[in-house]
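Enquirer: If you're matching them up, the sequences are chains A and B in order.
The opening position of the first sequence corresponds to residue 1 in the numbering used here, with each subsequent residue numbered one higher.
The opening position of the second sequence corresponds to residue 1 in the numbering used here, with each subsequent residue numbered one higher.
These are calculated hints, taken from the structure and not from any lab test.
Warning: the hint list may mix true and false statements.
Which copy? The list can't say, so a pair holds if one copy fits it or any two copies do.
What the hints assert, rightly or not - Straight-line C-alpha distance at most 27 Å; calculated DSSO-like pairs for lysine-lysine: (1) LYS239 <-> LYS407; (2) LYS278 <-> LYS393; (3) LYS106 <-> LYS86; (4) LYS37 <-> LYS88; (5) LYS407 <-> LYS185.
Here is how the chains run, residue by residue.
Number of protein chains: 2
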Amino acid sequence: MRMKRLIGNLMYGQSGGPTSVINASAYGVISKAREYKENINDIYVMKHGIQGALNEELFLINEKYDTDINLLVHTPGSAFGSVRYKLKSEVEDNSDYIRLLEVFKKYNIRYFLYNGGNDSMDTCSKIAAFMKKQSYDINIIGVPKTIDNDLPFTDHTPGYGSAAKYISNTMAEICYDMYAYPIGKVTIVEIMGRHAGWLTASSALASINGFGPDLIYLPERPFSIDKFKEDVKRVYNEKKNCLVAVSEGIVNELGEFVFASKKKDHFGHSQLGGVAAKLSQLISQDLKIATRSVELSSSQRSASHFQSIVDVSEAIAVGEHAVEYAINGLSDVMVGIERVSSAPYQVKYNYFNLEKCANEEKKLTDAMINKEGNGVTDVFIQYALPLIQGENKPKYHLGIQTFAKIK
Amino acid sequence: MRMKRLIGNLMYGQSGGPTSVINASAYGVISKAREYKENINDIYVMKHGIQGALNEELFLINEKYDTDINLLVHTPGSAFGSVRYKLKSEVEDNSDYIRLLEVFKKYNIRYFLYNGGNDSMDTCSKIAAFMKKQSYDINIIGVPKTIDNDLPFTDHTPGYGSAAKYISNTMAEICYDMYAYPIGKVTIVEIMGRHAGWLTASSALASINGFGPDLIYLPERPFSIDKFKEDVKRVYNEKKNCLVAVSEGIVNELGEFVFASKKKDHFGHSQLGGVAAKLSQLISQDLKIATRSVELSSSQRSASHFQSIVDVSEAIAVGEHAVEYAINGLSDVMVGIERVSSAPYQVKYNYFNLEKCANEEKKLTDAMINKEGNGVTDVFIQYALPLIQGENKPKYHLGIQTFAKIK
């Protein structure tokens, strides 16, 4: 690493959809930054990510937050507020960049750490390019997070393991519950993941103790309604029950979402959801089998009580490494996790060019998906299983989890 | 209690919708029955409840099940299979009763314990009446379970506390997650409960640590769509977010389900569900506010990882008491829980006439619901809070819960 130790203040923020461990990364950043008193005087956290920087809505982290900072490790959501704000390209409109430079100068920000997924890495990369051209000395590091696990280069992304633990354990519970009655149903569970099937695939981990999905449909393989009906019929005829895990992002042969609504979000992404309900309707109409549809919904990212210990530790570690990389003169990179071995599970940390991280989505490899395109292979299980290990102990007060209250 | 110690075998079964602790009651029954070797020779468990008795599909409990019987305490669903089977009245068709008597005689069943809700207590009561007329000596005890908490006489029902713990903690997580963005949404969470609002009301417990629903709509109060829109508008204007808990069983001024489908189940109950989605649509169309709808779905009864310790202990205890009551000559009664005090929380066990238990549904009292009909009072909180206390430690293998496998 090139040594270019800057002295000044650190700014950190959260962006995009929360995960149940993004606040654990905040904890990692803050606690590690406090160790570098010679380089980092003050720690500012942006309220609602980049929007807080533009509006000068900042939390200056001091002792009054100490109790809450410890609670961050088990707090879901974005404790400091998140945002989905698309920075225009500099050519199109450079006003945000100019404003950011002004704020950075005002607060003497020399370390900028941004915690997010693909879109946030894009934001980071653009800011880094602008500041470089302006010769403003600042080290900019992306801290990865996404339940979707679709960031490239890194073996996996903090947030994924806990979501996978929630999904797989919930699938095991649903599966066990489903066999209560003599004549069962087709239960279709819809799982998040716009373009990559990592979350949906994680449902297969449930089967490790005997109770998991019979069929899994991923966005990586074209979805055929006829094939789906055949699969379901075959399983149901044999077992009088059928548990299906389906990605909200399944696409047809033309690569179009099978059941997308026409609504788009701020980034121009189609709004998904309702796939399980629509497939249920098809099955009950065409096959005359009773169905139930379940959408796991926002619990996939917010079920903090189901954090995996492996995921929490790694979320803290990527925050810590981001600070260390920045202190040691690195900039314009995202922290990544490199798997050293799966058994025993061992990782080390690394860094990758931000722009490259922003513009690629990692999908399941062919070796992870079965031939029929309706399940996963042992290659996937070996990959994902280490990530859901360890049960966390959230803090409870009167039977309800207690979360950080940052004000 | 009248002493009429019968000698013979015991038959136990599970009926109706599972709860996350019905198997803990099975554990209580089996372990207690094993202590009464002088009276109880063999323990039979019906496969799929009463259907297993009629078809002679029975598990004879012996040592080979020991490991699984210990796992029952944290196993969701119905480990022995459940059923929704409506026994016709004796006048209408007495063939099932005659068949049952035959099976009871064949297996020398002198203790019949049936674990269920209202409909199951009805089944129990009818069997008890028939056996009495036939002068067949058998002690019949109802073991209460229902997440709905609508059985009368008993202060509360095993299954409710764990469902309430799952619901309230999930609401706290959803609430925290919801505040991530600068401009929020109206999030509408649909909660189970056909005629009684106990489960929906339990969402209010989330607020104890600061993150809970803003509005709660129960089947106990007529639901007005106009009033609902006003409530949501007011909260959203103030907070830029609004979290709504709504019962699947909300009814209008005429007592009709607000959004029922025309489908009926075996008991003639209307199929519910989809209320949150429909209310979301109303809000986004009429108030032009972004919405999200969540159905907590079957996890409410199957989220065994969220069992409350209080609930697990009581579920075991009602099973144990059922055996003791039966041994001591009681019959035609349901075990109930009597609250001695709320602070400190203390209960004792009692029994109530089966027929009375079958034909009444317990609802929230007026004192538990706020004046506006869109929330609960402290009376409810004091009632429900003790029931969600204590965090359980499910057994995990490789990061996934392990459940009993009864074969």
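Enquirer: Indicate, hint by hint, whether the structure satisfies it.
Expert: Results of checking the hints against the structure:
no.	hint	verdict
1	LYS239 <-> LYS407	between (53 Å within a copy, 15 Å between copies)
2	LYS278 <-> LYS393	neither (37 Å within a copy, 37 Å between copies)
3	LYS106 <-> LYS86	within (23 Å within a copy, 74 Å between copies)
4	LYS37 <-> LYS88	neither (35 Å within a copy, 78 Å between copies)
5	LYS407 <-> LYS185	between (47 Å within a copy, 21 Å between copies)
When the structure is compared with the earlier hints, violations turn up for hints 2, 4 and for no others.
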